[in-house]
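Colleague: As a plain string of letters, each chain reads:
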Amino acid sequence: MSQARADGFVVFDRVQKSYDGEILVVKDLNLSMPKGEFLTMLGPSGSGKTTCLMMLAGFETATHGEILLDGKPINNIPPHKRGIGMVFQNYALFPHMTIAENLSFPLEVRGLGKSEREAKITRALDMVQMVSFANRRPAQLSGGQQQRVALARALVFEPELVLMDEPLGALDKQLREHMQFEITNLAHTLGITTVYVTHDQTEALTMSDRVAVFNDGRIQQLAPPEDLYERPENSFVAQFIGENNKLDGVVETIKGEHCTVRLDDGTLVDAQPVNVSSVGERTRVSIRPERVESNPERLHPDAHLVDAEVLEFIYMGDTFRFRLKVAGRDDFVMKYRNAQDQRRLAAGDKIRIGWRPEDCRALDA
Amino acid sequence: MTTDTASQDMRGGEPLKRSLGRALRRQKARALLLIAPLLIFICLGFLMPIASMLFRSVENGIVEEILPNTVSALDVWDVDSTELPPESVFRALVEDLQVAIPERTALNVARRMNFEAAGFTTMVRRAQREVPGWDLETDGPFRERMIDLHRNWGDLDTWRALKAYSSTLTGGYYLAAVDYTMVSGHIEPMPDNQSLHQMLFWRTAWMSGLICFLALLLGYPVAFLLANIKERNANLLLILVLLPFWTSLLVRTSSWKVLLQDQGVINQILVSAHIIADDNRFQMVNNKFGVIIAMTHILLPFMILPLYSVMKTIPPTYVRAAKSLGANDWTAFWRVYFPQSIPGIGAGAILVFIMAVGYYITPELVGGPSGMFISNRIAHQWYVSGNWGLVGALGTILLVAVMVLYWVYDRVVGIDNVKLG
Chain A
49 MSQARADGFV VFDRVQKSYD GEILVVKDLN LSMPKGEFLT MLGPSGSGKT TCLMMLAGFE
109 TATHGEILLD GKPINNIPPH KRGIGMVFQN YALFPHMTIA ENLSFPLEVR GLGKSEREAK
169 ITRALDMVQM VSFANRRPAQ LSGGQQQRVA LARALVFEPE LVLMDEPLGA LDKQLREHMQ
229 FEITNLAHTL GITTVYVTHD QTEALTMSDR VAVFNDGRIQ QLAPPEDLYE RPENSFVAQF
289 IGENNKLDGV VETIKGEHCT VRLDDGTLVD AQPVNVSSVG ERTRVSIRPE RVESNPERLH
349 PDAHLVDAEV LEFIYMGDTF RFRLKVAGRD DFVMKYRNAQ DQRRLAAGDK IRIGWRPEDC
409 RALDA
Chain B
14 MTTDTASQDM RGGEPLKRSL GRALRRQKAR ALLLIAPLLI FICLGFLMPI ASMLFRSVEN
74 GIVEEILPNT VSALDVWDVD STELPPESVF RALVEDLQVA IPERTALNVA RRMNFEAAGF
134 TTMVRRAQRE VPGWDLETDG PFRERMIDLH RNWGDLDTWR ALKAYSSTLT GGYYLAAVDY
194 TMVSGHIEPM PDNQSLHQML FWRTAWMSGL ICFLALLLGY PVAFLLANIK ERNANLLLIL
254 VLLPFWTSLL VRTSSWKVLL QDQGVINQIL VSAHIIADDN RFQMVNNKFG VIIAMTHILL
314 PFMILPLYSV MKTIPPTYVR AAKSLGANDW TAFWRVYFPQ SIPGIGAGAI LVFIMAVGYY
374 ITPELVGGPS GMFISNRIAH QWYVSGNWGL VGALGTILLV AVMVLYWVYD RVVGIDNVKL
434 G
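Going down the list, the sequences are from chains A and B. Each residue of the first sequence is one higher than the last, beginning at 49 in our numbering. Each residue of the second sequence is one higher than the last, beginning at 14 in our numbering.
Treat the hints as calculated values from the structure; they're not laboratory data. Glycine included, each C-beta is placed from N, C-alpha and C at the ideal position. Mixed in with the good hints, there may be bad ones.
What the hints assert, rightly or not - Some chain A residues well away from chain B (every beta-carbon gap over 10 Å; in silico): (1) D118; (2) N124; (3) Q137; (4) L211; (5) E225; (6) E230; (7) N263; (8) N282; (9) N323; (10) R339; (11) D397; (12) D407.
As the list claims (entries may be wrong) - Chain B is faced by these chain A residues, among others (derived, beta-carbon under 10 Å): (13) G106; (14) P126; (15) G131; (16) G133; (17) F142; (18) T146; (19) E156; (20) A198; (21) M364; (22) F368; (23) R369.
Looking at chain B on its own, in the form it has when it is part of the complex (with noise of 0.2 Å):
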């Protein structure tokens, strides 16, 4: 007995484990080279460039890598002092300066500040005509003659920024990001006319969730309808909801625009039929309600489909059952076939708003300044203003607050609930 149990164990002396454990390897390996091309694809196309985003929206390496002097210099003295910086640190910084001028780093990290307050770009460039001349031993003391350059480098506020971003890691692009700013050392609220962020962010989240229930509201009759007619027709009318997405994004936003502009199809229309006076058109474009409406209709596919795919598991006994215990149409609905359809509404819902959230190129063609969201500040911080920093901390916060949001949805609703097909 002991020894049949021992060979069992034993397989050409190999413990069982072992074996079992060599044979699933050689499976996983082959799982994985199985989907190895889409997994480098995803690391480099998709993980990278986020992780690169988290990266750049708290790196600040710039000011300490071209002003080292400055910056260690500038650790004697206090941002709340009344008094200017010591003569050593303006020494030091024109130390750095003849260094990083003839390098051509001079004004990267002038660039770098102006993110932050008006006026270094001209500073420095003052300084690259006169400062390489300078002898460090005999030229001193060198206050003055800052100063002299330009009237700036005698201002409290500009030695304050640049200690408060000296650091090599800074939370500053988060602070701006909802407009907050610590040029003068400590963190306070950024001057109205330049607050922006805060007021995008909670737009492009009531608008996107206004959107989110308008394609609820378009949306679930129709899933309805298609979840409740014969096959071949559902097929058919299956065929009119998708036919957008074999449209290209653009040239549905286009045409919203050619619809809704001012000398658009609706105007003319309404023009031309005496509804409206022909100086009194309708402002449907390049605003909240142009990217209201071309969004909703974009989107409603997103919505239709996880409805119709949750409509059609619900079998059609039950509203049946309920009428044979007494329910009239409303109430068998409302209490028997509404409650079984959430998870679709659910699914819907969440698609909708989190692509609704990062959307770009409706708003951007349709919004106009008042319909633009928090991804075309995005686009422009990166293309005209070069601030990666800033726009690696507006991503972030917006990938943050969709997986919040994700986390907060999976314990109300349940994302076990959520049926996509």
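Excised from the complex, chain A in its bound form (with noise of 0.2 Å):
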């Protein structure tokens, strides 16, 4: 940790949160993110994502242990000192300011002159493309504009560190898809250091550099977003990401990066052992649907089967699911891409399926 705390920007070291003194919201918490990153908190309401970031802010005090931003520790800093630009949930804008005077706010509370405040309000501005709202009020704006604003007042005062607190929640699917594309580009050209905060994980994996996923007061894993997809470290990450099979057994061999596993009906799977070392241990494997492979031919000839029947199809445009019974489960789900060559099963159809043992990972049970 010690390494971490020098190079960091942002350091979380060993934080712990309490609000009542039984419940610990965050539990011993190690973070730390180079300059420029842009880091996304994701995880489940009641997580401690928010928590943590109104730590950072400022609004909430750490129980123990220490918040550093650049080398030096904030805990005892007052949020108006810190100079972090936030951007809330539902935008905050102050309702009696114009846009032009909500950005002017924050620097003239920094006491700059009126030439100095016009310059940088008008470059922030166009920054989101906003120039021509200057003098409308908040209630004016649609949500999306809205949005750009929130964005422009946290940057106008130029920090290094701006925190958003999952500031899309509001906007519909469309612009959400939009705006994320905006926030990151406008983060990585102004190389500024974002923690973003979201229970929305295809936010967290389009956007982010890195994500930290939080459950229950701990980061479950921190990783860029192709890992955690790929290679999620526990049960939680993998169902929480994307969609996920899971099916519950005992290791019945485990050699070097292959295992297999005898499912509680007593079917046999290949797997790739992530959280499990010995043979006789409890776990969960968990595969994505669009790896499990109904053809034979492509997997390796030595590769164990499963028996599958077709309970449910549904076409969903560019992909098909179906709805599979495995191994006394109802809940297994292939996808395939919808392509000129695809079968299409119908339920009731009896089929045979298997996958290639990286693409299965035995973790926790």
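From these two lone chains plus the hints, build me the complex, please.
Modeller: Put into structure tokens, the structure is as follows:
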């Protein structure tokens, strides 16, 4: 940790937080962010991610541990002296001020002169293409426009660190996707370090350099989006990120990067050991729907195959989804790309499925 | 196609508009029926008294009704004349009195005139003994005989006042309400020793303003606290705020009297603690101080409640946002929180001010002469003098003043911005 403490621009060092003195909302949080990184805190509500953000912003104090910003502990610095930009969930644009006045506010409290303020306001509004709205009031803008202004206001005083608390939660899907792109673009162009909180995993995966998956007050996995999806380190992350099939069983053989798992109904499947180390251990294997193969010819001849019955076929446009009955469970999902030569299975069809061992991860039970 | 449209427009031969109108009318009638009891009550208990007040403030039929001949005979006489009215007027007066005295209405008109100029009742009382015995044809001329009865009948001012206040509708009560009179036939200010109303209106206004300001000063932090603590604690605190509501106004006012009077709790404590001398007790009651203290306390909930309801709707993220943008606590409050609480201040202020302007019981009990409000004067005019016209005029001025204030307020703050709950 001492190495990380020295390197990180934002560092959480063994941080704990409790509101009532009994339950820890944040348990032993360690996190180090390099300058310029876009890090997302992802997790279900109540997982402690917003609390972490509020501690960083200074609205909550850590019960234990230290938070460092650019090498300096900030536990005792009040929020207004931290110089951290923040975008709030409902934008929190001051309703009694015009857009220009909203942006002027952080500059005024910093004692900047009028001409300097105006130049900065124009530059910030230009960044989000909102210059022509300078004299409107927040209530006269649409949700997306308010979002842009909120972003401009958080950036106008040129902070090095910007915090965003579910900023796109109130927007519709299309606008949200557009804003995701704009925010990451802006953050990377300006080289700002960003901590982004969301419970939307798509948002986390598409926007971030790294994602910290929170659950139960701890970071479950801190990794780039690809690692998180392809190589989840535990069942929670596997379940939380993307769609996932889970099958419970016991490790039968284990050899290097390959193991076999005897499922509870007696079926034997291939997997890659991740959180298991010995034969006889209980495990939960996890496999993505798009990695399930129904054409045994494409698999290794030694691959173990599993009997499955098609329960349902769902046409989703770009993909076909099949709900299968596998090893006694009827929520097993298989997904195909919609291609011309793709087989269409019908409900009631009996098929045999399998997968490459590296696509199936044996995690904690 | 055309037949389709036609059949759509004609439902069973009836145009769509008419059938819609009928359906809506039925709905409206039902709605009206629901509010009818309250509507009738308001009409009888609120609108009619106000209309009656407005009417009484200008109504002056009594003089012409009881002295019809005198009033018409006075037509020929000019108020600026230095001569007494001619004999015909005196003769008409005797004629009127001979009818009015047996009907026992002569004193009514005398009382009416007494509101404007003293002496009329004495003049009529004297006349009551003699005039009925006079023969209209043989006992004249009457000028000298009347002046013999009471020398005021020979006074020009008597006749000027009578002429000035003889019309069926008069502005005289309004003049009196703002300390003017037209007893001389011309509008002129009342002598200083009789001028009271302007001063009372002004006192009522500034004291209400001060009470309103004090209530805001005391209420704002309480409302802020209420809006920013945990719901459970807020409810408890709110009960404390509302507690006075469940206590009689009279009890609250009286308890202030108990606290503030010379031998009251506060003075006794200060004396026994040797902070003030026994013969130098604070005069805290029967003056403006007592009224301000008691009324601020009594009206405080009316300031706190609208403030609280507005503050509750201000999300805490605004202040957080302000702080994250670099504002310290005070700047965040003053530039971001306070402006958003202004609708509550507006609502509370207008409510407290309007209630204070019309307050009666508290100034009556703890005000004394120097703490008296205009409403106390109105009450006095009513049950002591019975001068309904002046009561109406004072009341109407108060009503109009409040309405004008409300209008100005609407123009400045905008009544839509006011939130009461």
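Colleague: Evaluate each hint against the coordinates.
Modeller: These are the hints, each one checked on the structure:
no., hint, in the structure
1, D118, "17 Å, holds"
2, N124, "15 Å, holds"
3, Q137, "8 Å, violated"
4, L211, "8 Å, violated"
5, E225, "25 Å, holds"
6, E230, "20 Å, holds"
7, N263, "25 Å, holds"
8, N282, "34 Å, holds"
9, N323, "40 Å, holds"
10, R339, "43 Å, holds"
11, D397, "52 Å, holds"
12, D407, "44 Å, holds"
13, G106, "8 Å, holds"
14, P126, "8 Å, holds"
15, G131, "7 Å, holds"
16, G133, "7 Å, holds"
17, F142, "6 Å, holds"
18, T146, "13 Å, violated"
19, E156, "8 Å, holds"
20, A198, "9 Å, holds"
21, M364, "38 Å, violated"
22, F368, "44 Å, violated"
23, R369, "40 Å, violated"
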